[in-house]
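A.B. asks: Each chain is listed here by its residues.
Number of protein chains: 2
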Amino acid sequence: MNVIDATTRELLEKTEFLALVTQGAGGPHLVGNWGDYLRRLGVEGDRIVLPAGHYDETEKNLQRDNRIQVMVASRAVKGSRGPGQGGVLSGTGAVQNEGEAFQRVKAAFPWARGALVIEVLSVKMHL
Amino acid sequence: MNVIDATTRELLEKTEFLALVTQGAGGPHLVGNWGDYLRRLGVEGDRIVLPAGHYDETEKNLQRDNRIQVMVASRAVKGSRGPGQGGVLSGTGAVQNEGEAFQRVKAAFPWARGALVIEVLSVKMHL
Numbered sequence: 001m002n003v004i005d006a007t008t009r010e011l012l013e014k015t016e017f018l019a020l021v022t023q024g025a026g027g028p029h030l031v032g033n034w035g036d037y038l039r040r041l042g043v044e045g046d047r048i049v050l051p052a053g054h055y056d057e058t059e060k061n062l063q064r065d066n067r068i069q070v071m072v073a074s075r076a077v078k079g080s081r082g083p084g085q086g087g088v089l090s091g092t093g094a095v096q097n098e099g100e101a102f103q104r105v106k107a108a109f110p111w112a113r114g115a116l117v118i119e120v121l122s123v124k125m126h127l
Numbered sequence: 001m002n003v004i005d006a007t008t009r010e011l012l013e014k015t016e017f018l019a020l021v022t023q024g025a026g027g028p029h030l031v032g033n034w035g036d037y038l039r040r041l042g043v044e045g046d047r048i049v050l051p052a053g054h055y056d057e058t059e060k061n062l063q064r065d066n067r068i069q070v071m072v073a074s075r076a077v078k079g080s081r082g083p084g085q086g087g088v089l090s091g092t093g094a095v096q097n098e099g100e101a102f103q104r105v106k107a108a109f110p111w112a113r114g115a116l117v118i119e120v121l122s123v124k125m126h127l
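Residue numbers (this note's numbering), protein chains in the order written: chain A, 1 to 127; chain B, 1 to 127.
By construction, these hints were calculated from the structure, which means they are not laboratory data. Predicted, not measured: the structure shown is a model, and the values here were computed from it. Check before you lean on any hint, since a few could be wrong.
If chains are identical, the list can't say which one is meant, so a pair holds when it fits in one copy or spans any two.
[What the hints assert, rightly or not] In silico DSBU-like links for lysine-lysine, alpha-carbon gap of 30 angstroms or less:
hint : residue 1 : residue 2
1    : Lys78     : Lys106
2    : Lys106    : Lys60
3    : Lys78     : Lys14
Please work from the sequences and hints to get the whole structure.
C.D. replies: Structure below.
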C-alpha cells in the first residue's frame, strides 16, 4: 500500500504550490515549487520529482540531513470539517544531476539544473 | 517604509494558503493556514494575524525560539520571469490568548483558541 493515498493524491492534483522545508544550520530553510510542475512530471508510487532551479541551500541541507517536509493544501479538496484540506508529506530527498529522474526533468524543464527527488515516508493531514 | 511592500501585499491577497515554519527540537515544524482567513482579519503595517486552531507545537517552538517563516505564492501574481510569484516572510511570532488581536480573531473565528501574531521583519521574493 502506498503512503500517498487517495486524499494525498487529490491534494497533489489540486495544490497551487508546494512549500518544501529542510533543516539548515541556522534554522529551517523554506523553498517553493509549483503544483503544475509536479503534475507535468507525474507522481509514481511514493516518489515526488520536482525541477530544481536554484535550490543550492536545499541541496546542501539535504546532504547533511536528508529529511524534507512538503506542505500542500487546497480549498477544493474536502477536509474532515468542510471544504479545504492540507497536510504535510515527510520523507527523504536529494537533488540529482544525472539519472532517469534528471533526464525527465530536463526534458520538461530545460532551465532546471537538477531534479529534486523525494521519497515520501509518511503523510499527515491537518484538517 | 513597510517591509510588506506592494508585491508582498499582492501575494497576501492572492495566496490560497500559507505555510508556516518554526524550529522544533527534532527539526522544522510545518503548519498551514488559509489565505482567506488572513484576508478576513486584514494586514496592518507589517503585522500578520491568523487564527490558531491547534498550533500546540508551533506555540511551544515559538516560546523557545520566536522566529517564524511564512511561505506564500500565487500563479496570479507577476514574477520577474513570467506569471507566478512566491516568497518567504520572516519575522517573530507568538500565540496570544488575550488582547486586541485575540479578540479580533475570536470575533471572526469562534473556534480559534488563540491568535498567531507575526511581526514581519524581512521578505524575500523567489521569482
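A.B. asks: At most 30 angstroms between alpha carbons: which applies to Lys106 and Lys60, within, between, both or neither?
C.D. replies: within (21 angstroms within a copy, 42 angstroms between copies)
A.B. asks: Between copies, within a copy, both or neither: which fits Lys78 and Lys14 at Cα up to 30 angstroms?
C.D. replies: both (11 angstroms within a copy, 21 angstroms between copies)
A.B. asks: First find the shortest C-alpha distance between Lys78 and Lys106 inside one copy, then the shortest across copies, and answer within, between, both or neither for a cut-off of 30 angstroms.
C.D. replies: between (34 angstroms within a copy, 24 angstroms between copies)
This entry satisfies every hint, going by the numbered hints stated previously.
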